[in-house]
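If you want the building blocks of each chain, they are given just below.
Protein chains: 2
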Amino acid sequence: MSEGTNYIGLDLGEMSIRSALTDRAGEILEIGQQTIERKDPAVLSEQVIDIIRRLREKGRARGYDVRAIGVGVPGLVNPASRRVVASPNLPPLEHADLHEEIRRSSGLDIVFDNDANMAAYGELTCGSAVGMKNVIYVTIGTGIGAGLILDGKIYRGSLGYAGEFGHMTLDPDGLECACGNQGCLETIASGPNIVRRTRERLFRDRSSSLSALALPEKGEMTPEKIAMEALNGDDFSLMIIEQTGKWIGTAVANVINLLNLDMVVLGGGVMMAGDLLLHPIIQEAERRSFASPFNHCKIVAATLGGQAGVIGAAMLARDAT
Amino acid sequence: MSEGTNYIGLDLGEMSIRSALTDRAGEILEIGQQTIERKDPAVLSEQVIDIIRRLREKGRARGYDVRAIGVGVPGLVNPASRRVVASPNLPPLEHADLHEEIRRSSGLDIVFDNDANMAAYGELTCGSAVGMKNVIYVTIGTGIGAGLILDGKIYRGSLGYAGEFGHMTLDPDGLECACGNQGCLETIASGPNIVRRTRERLFRDRSSSLSALALPEKGEMTPEKIAMEALNGDDFSLMIIEQTGKWIGTAVANVINLLNLDMVVLGGGVMMAGDLLLHPIIQEAERRSFASPFNHCKIVAATLGGQAGVIGAAMLARDAT
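Chains A and B supply the protein sequences, listed in that same order. Quick note: to get the numbering used here, add 2 to the position in the first sequence (first position is 1). Quick note: to get the numbering used here, add 2 to the position in the second sequence (first position is 1).
Incorrect hints may have been included.
Because identical chains cannot be distinguished in the list, a pair is counted as satisfied if it fits within a single copy or across any two copies.
[Stated by the list, open to error] Calculated lysine-lysine pairs in the DSSO-like style (CA-CA distance at most 27 Å, straight line):
(1) K41 x K155
(2) K155 x K300
(3) K155 x K135
(4) K60 x K248
Since the hints were derived computationally from the structure, they do not count as laboratory data. Note that the structure is predicted; figures quoted are calculated from it, not measured.
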């Protein structure tokens, strides 16, 4: 059943490379993850080529071969050439001609795309957004990124930069953002900013079970720990999560009003707070968007988790090569 | 040269119907405007059919006939059927089956679309956005509406509601909006809200040459009068215009970051302030968006003025029937 038409998906992150061999339907046959070689472009290329070689070997041992390869990268891919043109968080990618090296070593067709686009495509083809036409996939972690699907296709914009959902200004006089703007959603709702807001608030209110975590000697505070405390019933942590949801919901409302989507898919580490975060997002989006487009638009948690990127990369390799 | 393939474009507004007969290139051959019959659906239908009949007669007298008709409406058009499904500002449209009545009386193909989409299409085919692929056309008047062109086509969203640029939340704790939300761009930058902000500010500062206009007996204050005062060098009026530009520029930055557009086209009555408004919009958009997509995106004033709607309607009739 899996013979002849299988695909490899890679997801190059700042810290690790995820990889998968999938069948034509996006079902995972082999999966892997390893620390990324970030220093030397040549070593990174070797690493990627080696991962591909091993996945193909494993596949061959089970009687099938690979037809095309998709690679998600944390950076900008030229929409025409499908090559990496900027990758501030993984600079070696800008210097390695990974596209050409993979093509030469594998003899296969390759498609590169931004990692958020790949994850969006994964959710579209195999996850929560199957059958949808107009979707935004938002990933909320260290940063807030997004991939857009419009009229059933990845929408990249004129130069490939589309999807900067995290840099929507929501608080015009707010904090400075790394992007140079101030008051971006990311300055409020990204993982590190949830921690910052929690710490700042705890200096004013030490009633929470989290307050111990505000002290450096008690270990690092993380959005995951805050979410865990909220899930365990800590009302202070819950308040932080709910306030976070309100801001994300405001941004979601803006996108629903602008694009009249079928679905908003929310993923990334911060979404481990689950319904505690999802419900205030939905509530605020409802309050701030028009009734008809809101009622039409499902707002859901991503279902593929960390595998959205590799599955999307494999499926884009299937559909776009 | 104009024989055989000519088009009629109508633009149904709250107050008037604009109409045009154009050639294949969108060049206007005949143009008209009359007060709209808003009370009775049957009378409105008769009026529209009569306008079409007269335009065709005028055309025939000059030796050519009409091939298709486009109609822009202030409301929602079902993207599949191209029929009006909701028109809160022109209710008779929901009760008249104008599509069928025009088709029956004229024997021609008809295309209906939202008026902002039609104006966007006019600017795309014959105005400031010729040759562009990804464009937002924003009209700033009594309300703030928009039409989106993505990948060279009108983007309507899943149900036809896309383009609610004016209801982007920019001031989460701001004023209540007619839409039910609070802090929408429209609550700050629409014509009536420019007047409101001016009045409120004048109660605190009576140094401006406009302050006389804050008094009811001196005639109605309008955004046009404020713009005229600013153009005449009144620094208070200029401040109001510049603050307005900053808010619009913030919304423009959000759309540039999200959609990576080729162009933002700004039209509507409020844009009569010209560069006094356009410059702060551009400046604020630059400050708040990523450099590469900002540098790529032209931010310009619309060139077709009040004729964008009828020209766009005629051109959509040319391309979509």
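Which numbered hints turn out to be false for this structure? The structure breaks hints 1, 4; every other hint is satisfied.
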